[in-house]
Amino acid sequence: MIPFFLRRVGAGLVLIVIVTAITFFLTYGANIPVARNILGPTASAEQVDILNGQLGLNRPILEQYFAWIGGVLQGDLGTSYYTSEPVVQALASRLPVTLSVVLLSAAITLIISTWLGVVGAARGGVVDAVLQAFSTITFVFPAIILAIAMVYVFAISLKLVPAVGYTPFGESPERWFASVILPAIILSIGGIAALAAQIRGSLVDELSKDYVRTLRSRGVSETSILLKHALRNASGPGFTTFSLQFISLFGASLFIEKIFALPGYGTYGFQATIQFDLPAMLGVTLFGVGLVVVMNLVIDIASGWLNPKVRMS
Amino acid sequence: MKSILRKLAAVAAVASTALAVASCSPGSQNSAEAAPKDQTLHLAASAPPGNFTIGSWTGGDATLFLSVYDTLIHQTVDGKLEGGVAEKWEYSDDKKTLTLSIRDGMKFTDNAPVDAEAVTASLKAALVGPSTKSNLSSISTVEASDASTVVVSLSRPDASIIPQLTGTPGAIGAPGVLTAESSKLEPVGSGAYILDKTKTTAGSVYTLTKNPDHWNADAYPFQTVETKIIADATAVQNAMLSGQLDATSVSNMEEAKQFPEGQFTTGATPPAAVGGLFLVDRAGTVVPALADVRVRKAINLAIDRESIQKNLIGAERGATNQMVSPNGETFDKDLLNEHPFDVEQAKALMAEAGYADGFAVTMPSTPISLRFESVLSQQLGAIGIRVTWETVPFQDFYAKVLGRSYGMFFMFNGLSGSDALDLNANLTGVFNPFNTTSPELDALRATADSAPDSEQATAFRAVNEYLVKEAFYAPIMAGEGVYVVKKDIQFTPPVARGQNVLPYQPATK
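Respectively, the protein sequence lines represent chains A and B.
First residue of the first sequence? That's 0 in numbering that gives the first Met the number 0, and the numbers climb one at a time after it.
First residue of the second sequence? That's 0 in numbering that gives the first Met the number 0, and the numbers climb one at a time after it.
Quick caveat, the hints were computed from the structure, so don't treat them as lab data.
We put the beta carbon where it would ideally sit given N, CA and C, even for glycine.
Treat the hints loosely; a few may be bogus.
Unchecked claim - Under the rule of at most 25 angstroms between Cα atoms (straight-line distance), these lysine to any residue pairs were calculated in the SDA-like manner: (1) B:LYS198 <-> A:GLU173; (2) B:LYS198 <-> A:LEU253; (3) B:LYS256 <-> A:MET149; (4) B:LYS399 <-> A:SER43; (5) B:LYS198 <-> A:SER92; (6) B:LYS196 <-> B:THR223; (7) B:LYS485 <-> A:VAL160.
As the list claims (entries may be wrong) - Residues of chain A placed beyond 12 angstroms of chain B at every Cβ, according to the derived structure: (8) VAL129; (9) VAL150; (10) ASP209; (11) VAL211; (12) SER216.
As the list claims (entries may be wrong) - Residues from chain B that face chain A, not an exhaustive set, calculated with beta carbons under 7 angstroms: (13) THR98; (14) GLN243; (15) ALA424.
Sequences and hints are given; from them, build the entire structure.
Okay, here's the thing in structure tokens:
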């Protein structure tokens, strides 16, 4: 297990280095007139030179790259050109916002998908058809329209939740919940259908297996067979699908954070990209790749732990 | 790039500037007692403040910066100049020495005194600051002659210096932290508000609390000002409708209709920007035809400004042929008859200049120009000018223009509230990449810069007249913005943009 783990960690680190290096040379090497863009149209060439010097952009690109790598190794990702905030500090302050929405959304997705999958597989017939139709509709329904409708109803008309902004949990758990529940629900919509279909399919397969027939012949209750035995065995593919969805939620958070003006990782990344805030862009890239690597590692280890064949391969 | 978006958002919509504000005299404000003591003003900004260090502020909307830092001179809502940190100021007869008398008894929020030494230190920082250096380029020395007097020496008379000192170049910070790294995020000033670190998350929300020691604290009724950074216009609209924000701006009255009359007050702001064609290659370096004033005049004659304003902007007024604010003293109504829409006369001038068959020109296509490109191609095409629009990413626009890639381009330039500043801005940087001037223009500008106050408006009108008659530009529109505020807030649209929160007052019942 340890060599397997070390191989995966090593591959992850190589991936991080490659992706961040590509991002670095594509952005810093693109000769984007950052200082000119920051200072605006009437700034003189001398002003631009001063700012380029202050930002370190007048150094050779390799020197800038190794300076950045040196900083990363010391936990310093640089400072945002546009907010003057250290990137590490910015990511640390924005991560709780994104995690609040993503974790809540993941929980909603998991609970509703499991319920839909289990009920659909167990009941079959009309109930299954209705639930599948519901899943399909939520899958194809544009989240943006749902977001607009929900904001209008719950934030503007009923004033039950805020239309924009985030309240930290430590400041007020109620207001925290109010600020993240709508984004979390909207973020869940697309994922529920896919996960429910996966769980339902796996469960239907499991329920047709011999061991289920044996359990029934022994008089084990249907609920116990369904939830204790079949669902557990069917959870493998569902777990993989859910893990991938969890990673994609971070990407989808960009869209949802923008609509609700949530100061999370997504809006930070979006802002950094449209501003060409190079240190912030690289910080977001590094964090994003790191997240994918860690999640893949967790999935690999879990799969390896469950199935020795994976470890051997 | 966001800086571009920020600036262009401020100037390009020909509409949106209502949140840009100006300070005004204590006497001209509503009663501060009308506000409950804990009342909070909720505002939004489309982009976060860049850097609070003196001389390094970037971005269009300086409300936050000018709330934590006081400026040497203030500009009232209606554009008048009043004392700020400098209670009085006086020019020498040759207009090359400016003496500032510093107000007594002020202190920074770190308790350091706001005296002549502190003012000198801030001005010296601004003289080398990347954002302010060119604004103050005519200043040669700054010295404290005693504890409450600062003497500013100029290399030449410069009428834009006083307006500059009402904005970010005139901001005064505590000398102990002027160049400290911490000043980027933790400003120490003597302004009407203090940035509350505990309730501020950089890039997300900025909270100001009232500075009780400010010399004019009574004029600021709000105990707290919270500014949320919201880039998305729909999110701003939702926040307004749900009651989370007190004020915003929209492009036109049609958009303002989404805010119910019973809950919101709407109104027009003074023009925020002038948009049009910048005919920058007046020496004919890349577009030889533009060296001929007859061609530049023909371009002006070929543009149907009123039609563009009416059909593309949706406004009945605002068409202009001048680069200064229609509300300012420099604007000349009589000049509006110069270069009226007349295609036949334009064709005749083109023929006279030897361009009867017209000529080809390439202009940069940006998100700002996009909606105007078709009509401009059509109207210029009517006199034989064949326009090719070359798509330029925003981040490359300034560099391409400064690299003299284009002889002319469409753009907006923001109006500051000072004609002297605006005329200078249009002859600087991106707006004059070929550094065009003429002995006559230099003489007119020098006369305006050194004119006594009573004669300055006349002198700047002469500069404006020269620019119009020589067709330096082909201005098209100077659009008004539209502000929207909640009923319990009273907003007085300021002439000057980029000041502090003084125009916001609680509505009197």
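request  = Check each numbered hint against the structure and report the violated ones by number, ascending.
outcome  = 9, 13
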